[in-house]
Amino acid sequence: MSKKRTSALPYARAAAMALVALVLVVAGVWASWGSAQHVLLAKGREHGTLTVTGCSTDVCTGRFDPEGPAGPRTDMTIGHSVAVEKGGRYAVVVKPGTTELVRTGWSGGLHAWLPLGGALLLAALVIGGGMRLPRLAWASASVGGALLVGTFLAL
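The C-terminal residue of the sequence shown carries number 154 in numbering that gives the first Met the number 0, and the numbering is unbroken.
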């Protein structure tokens, strides 16, 4: 009788692809968390409304009218993206210790998690092609795609 020898190569490939997929998802969470933390953990932070008066290539500025007794300010900025346009009024929260604003609500939350949606789509390719797990790949792609489409529709 002959002994059947199995190779470690398929296991090493699966482990390497799992590591790549994990790095992609962690990078997506890391990129999203910078803005998402201010939307999700907004309790105790300064809230208000921003009326955008002008935009440059990177940031938009405008009149920030905070909730409460504090008066309006004009030194606040928000990142310029497809989600912000001149003349728009947006519910925002102030990043502590800065003059930078982040949109709140569903549209702000979805926009903050946009990098995670892209990372999930990329990870789906690695999971399906490299790890040969089509169901998990479709689930990852579905969640990532739903996040991207939801953001597009909310903005």
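Fair warning: there could be bad hints in the mix.
[Unchecked claim] Derived pair list, reagent style SDA-like, types lysine to any residue, alpha-carbon separation capped at 25 Å: (1) 94 to 73; (2) 42 to 94; (3) 94 to 56; (4) 94 to 39.
[Stated by the list, open to error] Pair ranges (Cβ atoms, derived): (5) 151 to 10: 32 to 42 Å; (6) 137 to 84: 49 to 59 Å; (7) 5 to 90: 31 to 41 Å; (8) 11 to 137: 46 to 56 Å; (9) 21 to 46: 52 to 62 Å.
No lab work stands behind these hints: they were computed from the structure.
Ideal Cβ positions, reconstructed from N, Cα and C, are used throughout, including at glycine.
Find the hints from earlier in the document that the structure breaks and name them by number, from lowest to highest.
Hints 6, 7, 8 and 9 contradicted; others consistent.
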